[in-house]
Amino acid sequence: MLIDVSANIGHWPFRQTGLKTCRELLGNMDRYGVETSVISNMNGIFYKDSHAANEELYREISSEKRFRGRFVPFAVINPLYAAWRHDLLVCSRELKFKGLRLYPQYHDYEITDPACIDMVRCARDEGMVIALTVRMVDSRLRSWMDLSSEWILKDVIPLIREVPDARYMILNVSGGIMLNDEDTALIRGTDMIFDTSGRNISDLGSLLKKYGNDKFAFGTHSPMLDYLTGLLRIEALADNEADESTREMLRSGNAKRLLGI
Amino acid sequence: MITRRKFFRNSALASAGLIAGAGSAGMACSNRDNPGSYDIMEEALKFRKINAHEHVYLGSEPSSLINAADRLGMEKLVVSLPVTVEDRVLVTPEKFRECNNLVLKAMKLFPDRIMGQFYINPYYSKESLEEIDRCVSAGMVSMKGYYQVKINDPLYYPVIEKMIDLKMIILMHTHCGIGVGGYRTKYGNIQANASTPDDFAGAAERYPEALFQYAHTGGGGDWEYACKTLRDYPNVYVDTSGSNNESGMIEYAMKHLGEDRLFFGTDGSYYQGVGSILAANINDDQRKKIFFDNYNLILKRSGNHVD
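Chains A and B, in that order, give the protein sequences. Everything in the first sequence is counted per our numbering, starting at -1 for the first residue and increasing by one. Everything in the second sequence is counted per our numbering, starting at 24 for the first residue and increasing by one.
It is worth saying that the hints were derived from the structure and are not from the lab.
Covered, in the sense of this in silico footprint (three residues per stretch, anywhere, with C-beta under 8 Å from a C-beta of chain B), are these stretches of chain A:
#1 28 to 34
#2 217 to 227
#3 231 to 237
With a cut-off of at most 30 Å between alpha-carbon atoms, the simulated DSS-like pairs for lysine-lysine come out as follows:
#4 190/B to 323/B
#5 311/B to 18/A
#6 18/A to 278/B
Keep in mind it's a predicted model, so treat the numbers as computed, not measured. By construction, the Cβ of each residue, glycine as well, lies at the ideal position given by its N, Cα and C atoms.
With the sequences and hints as input, model every part of the structure.
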């Protein structure tokens, strides 16, 4: 069984992509044996009132019966924008969203901004998982209207240090996967996962040793990256790097544990 | 603090009718049959592969290269070792000969797997041409250029002419980044002498009988810009290596360049190299061409093809 922890729907304004809708994404899921996808709506990165994207996502998932049980929705909310607490509680209590995706760079705030920390604590108290995407695109070929810099892994550490008892997903890790001892210990002690879509997951066997078998999960970063590289990294592991039990943790077990599903 | 009562009273969603019954968009137990199964390793291993862009002793020993190749079913690897120094004067003949000697060493270690690719610096013209002769005599099959000299620089002309005679392809490092010359939208490069797609177009126009390989569409440059620029130059091929495995890249390259001008490569990003081709919305005949046939046809011109 496969659970993809890092998919998106919606429109990316700087280049044409596929898989913009649940219907399109479900087609890929069925083709490649993915039972469930954790999704958020990329439109929320670009709307000033990002909650409108959460409402779109809810409508989209509710629009066809066959979508039920196949998608785990995450909200996109900007803690500097009006009524974030209201929006968060709507997502958690009414729409039953399982998590919250943050985009500090796109929404133009520091990850240690008190409003961000406040919102993460609130989401934690609601039982939501916090997802941080290290980068949406490779900044080297960004649009001239897109961000000119990108995070590396250590840039998300200050938030985890501030709210260590929340649950986290760190997605599309593209730089700085080899943390120092102090930050490695923090990661090992946190209930979190990295997805396998990022380019820094080049030696998953070694990373399992460094961070633990419970710290990684299959992810695609769809529709920005190709759909299969994250899976290939898991299935190409040698037997001395991951036994079948570990592979199952990576395919779906760790995601189930973190999401409580 | 928002109380539960206040929260539900204030909820715009309830009044907007967004909540449909007691339904939840969230995770529920699925009552459908399991989705189709897909054995990615079976798919990965069913295609023969020539890796048209790889390096050795540039962060990886030959043995680790072969380990990655074995995992992902790469039968042959075309490898080189460029000097990553921008200043063309500093990349002396001694240095590029030393690099090529290391490639020869790797070829001897794994003669059935590693195909050598010589690296030269055309700033030292005479020595470069002599080095090409030495390396071809030793069994190398193609050439690697780096960012010391642009592909359309006159310094390259004698090298290109020699490669035409040898019927071998020139793999040239490239980049295609934005934000140069004071224009956010102008394309150029961080390294002044790294080749851009437009530089390739210039070289291809001057030498339509030469064979050029535009390096790593997934290497961080703007692959859309590159493919559009190169579409009318049939003697320019592209390899799809690099760490940036954006969705749609393979399909886009095929749309603009056709299915015969794409090579599989990794440039150190083994999983992206294979995964992006497996995931592309193309058929298996096209995958076979990219993974193996297209580059093998290039090798065949010089008699170095794989049977």
